[in-house]
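**Q** Input sequences plus hints: build the corresponding full structure.
Chains as they are written, first to last, in this note's numbering: chain A, 282 to 551; chain B, 194 to 480; chain C, 8 to 313.
Calculated from the structure, these hints are not laboratory results.
Even for Gly, the Cβ is constructed at its ideal location relative to N, Cα and C.
Some clues are possibly wrong.
What the hints assert, rightly or not - If you anchor each label on the Cβ, the simulated ranges turn out as follows:
#1 A:Ser349 / B:Asp197: 28 to 36 Å
#2 B:Ala239 / C:Val239: 18 to 26 Å
#3 C:Trp168 / B:Leu440: 24 to 32 Å
#4 B:Arg455 / C:Thr290: 51 to 59 Å
#5 B:Arg352 / C:Val239: 27 to 35 Å
#6 A:Gly291 / C:Leu126: 18 to 26 Å
#7 A:Leu362 / B:Arg455: 36 to 44 Å
#8 B:Leu440 / A:Pro343: 32 to 40 Å
#9 B:Pro237 / C:Ile164: 16 to 24 Å
#10 C:Ala53 / B:Leu425: 19 to 27 Å
#11 B:Pro236 / C:Ala275: 33 to 41 Å
Claimed, not checked - In silico lysine to aspartate or glutamate, EDC-like type, Cα no more than 20 Å apart, as pairs:
#12 B:Lys421 / C:Asp271
#13 B:Lys198 / C:Asp136
#14 C:Lys228 / A:Glu394
#15 B:Lys421 / C:Asp167
To be verified - Facing chain C, from chain B, some residues (calculated, C-beta under 7 Å):
#16 Ala305
#17 Tyr354
#18 Ser398
#19 Leu402
#20 Leu424
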Amino acid sequence: MGEALLEVRGLSVDFIVGGSAASIVRNVGFRLEERRTLGIVGESGSGKSVAALSLLRLIPSPPLLRMSGQILYGGRDLAALRQRELRAVRGKEIAFIFQEPMTALNPVFTIGEQIAETIRAHEPVGRKEAWERAVELLRQVEIPDPARRAKSRPHELSGGMRQRAMTAMALSCDPKVLIADEPTTALDVTIQAQILDLFARLQDERRMSVVFITHNLGVIAEIADEVLVMRKGGVVEQGGVMDIFHSPRDPYTRQLLDLLPGRKRRHVHV
Amino acid sequence: MLRDKLPWIGAGIIAFFIFCAAAAPWMAPCDPYAINLEERLAPPSAAHLLGLDANGGDVLSRLLYGGRISFTVAVLVVFLSGGLGVGVGLLSGYYGGVPDAILMRVVDVLLAFPGLLLAIALVAVLGPSVANVVLALTVMGWISFARLARGQTLSIKQREYVLAAKISGQSDLRVMRVHILPNIMSPIIVQGVFSVAGVIVSEASLGFLGLGAPPGSPSWGVMLSEGKQVLLEAPHVSFFPGLTIMLVVLAFNFLGDGLRDRLDPGARSRGRVQGEDAEIEAEPSHG
Amino acid sequence: MIAYTIRRLLLLIPVALGVVTLVFFLIHMTPGDPVEIMLGDNALSADKAALRRDLGLDRPIHEQYVHYLNGLLHGDMGISLQSRKPVLDEILRSFPASFELMAGAMAVALLTAAPLGVLAAVKPFGLVDGAAMLIALIGVSMPSFWLGPLLILLFAIRLDWLPVNERGGFNHLILPALTLGASIAAILSRMIRASLLDALQEEYVRTARAKGLFERSVILKHALRNALIPIVTVVGLQVGGLLSGAIITESVFDWPGLGSLLLDGIYARDYTLVQGCILFIATIYVVVNLLTDIVYGWADPRVRLR
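**A** So this is what it looks like as structure tokens:
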């Protein structure tokens, strides 16, 4: 067991929906250790994305009504930080990868610009240097001809390329924690596998911890060390990936496992 | 919240000015056409609450009578252009084909004249008079109603209940009257309310340019144009007609905004509505 | 993009032809004999006949129409009945004044609408938003032929800060530009607010925040840049408001532009001049709309791809 890099205690999130309060996330807690991967699983509407976005307080108000709990990182509680201090953590210490790069990337700027501005938001570097680093990052995520691609806008790239570009953007300031919210869901299966391989390699090289949110247990089996299963805003089960797959205690987890194709389940036994 | 009260404030102001215009013969202290050169340009006083104009006409009396011209023109133009526009737009959207294509080309040509230019051209040709102003503003105004009605009809005629009515053998006329027209009325009413504001300003503009009601008549635009000649000596002559126009137009805009929020909510910015859906959790696209 | 531009240019031809035809036949319905307007009632009938022949008025109307069309293609809009000078020369002499007024008004509109709209959108339904939108609604409702005199009374007479009723330096432009720009500023600020509110809901705004950008650049760079794309179209359409509003503003301030030229033509029943002015204004409007569409395509990378 290593040192906990990120620890969440009693995270609850309420939204205001149609004039009344609704509890979206209830009492979620977990520890993320260095170089480990935590998978958060649940169907759509289970609150897993809201929980992930709440880690960096990225939910606008409205719909956000209130948020409580502690998000401990590097000796500080992110839930209690001022906006100014939180900004310095976002993208620099903890970075995000979103599900749909087509809408999550800004359509009017080139991907090079979008990567370079992230670097310049956190480090005192010039335009030219930031641009060169952006190109280098694109090379690291295996985008061919990165110097030319950096000048493309998101809609000029394929789906897989776009997700690689967003990954490069997330890595641009060498974050310690990467939060990936359904990063492969919008991609087709072969591209999905390539992106997962890329993640594994980058995580290893850069010694990152990863929070991986997905509705797909098969993906969890491939990459996660620990698993947290969510349903209707609450945690139904959490533990090591082997324990969960071999001896699920909660009936809901069992239901999810039964939905998996047999091939994926065997994969776990390796 | 003030925002929710504005439509009612608007309706109140409109009711007040319409009442004043209707009751002008009983309320007006003086004959609006009276000439009194001895006291011309006299500032507001107890005898003449809003003062006298360049001919010694009582500004208050002329404003009250002016409301009759403005509201009559506005109502006539909005009903004429609305009726014509909705009729043409409905037929064109419903039947499509060549007549629709011709309509759209005509609209393209008419839209090439910005703002009041078409009305100015028409009045220039026909000669300045209130009747010609009504005609010119109708020719200008039907376009927006026609485009709106056509667009609405195009989207509604594909709905199931319209298709069902057609299949069950109802006549086209009946389908349009019973199934389409009532369903496109909301945005058209909203448009109608905004049009009243537009027509009142247009009528006053033409009057101001000397292309509307004849000189000397108690029309708000003409009063402003005559007031401009004596702006330095007697600012009250322009001030009160201008204030009246602004209040009336503002009131119709308040009312129109309120009606749009209630009848045609989709037309407003989606900002507030979106915040109320908790659509943060994106639906994963399977497969 | 080039194909799109060419298609738009081709679509312009029927519209332009329609506009010319409509204006020509409309103006030729005008009652009154132009020759009598030029020569007066007491002229000799031989002189009248000669002039009528010179102007081509003795020919059937469809021949006059073809003649006029042909002239337009060669930049000839006929001769002003009143001044006896070419109509196009008169127009080109007045246009710079109108252009100066409209450019000033557009500058006023953009410089006030952008901050107003952004402030309102950043905290929607707050106090600033409410105040800004109420000001905007009043601005829309304020007729320029009242705003103009009010500004003159306040700034030129009461405070004696600015000159009035002369075209001259920058000082002379301020009041007319404010008058003409006010209602457009009001419309634009409402549009910018709505468009920015929409953009702020987009996912790329969340991404920009997640990257740790300063809120200033989240709003002013990421959201605003996207919000301005639809505004381009609105600005283009507002040029119509400028062209038509300029007629009234020029009349308020005795500004020697196209609007004044048109009104003088109408009062003097100088029908060739009126016809020329109306065609010229409509042409500017149509061309500006075309340019707007092309700029829109350039500004929105998703359209550009097509």
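**Q** Can you list which hints this structure breaks, lowest number first?
**A** Violated: hints 2, 4, 6, 10, 17.
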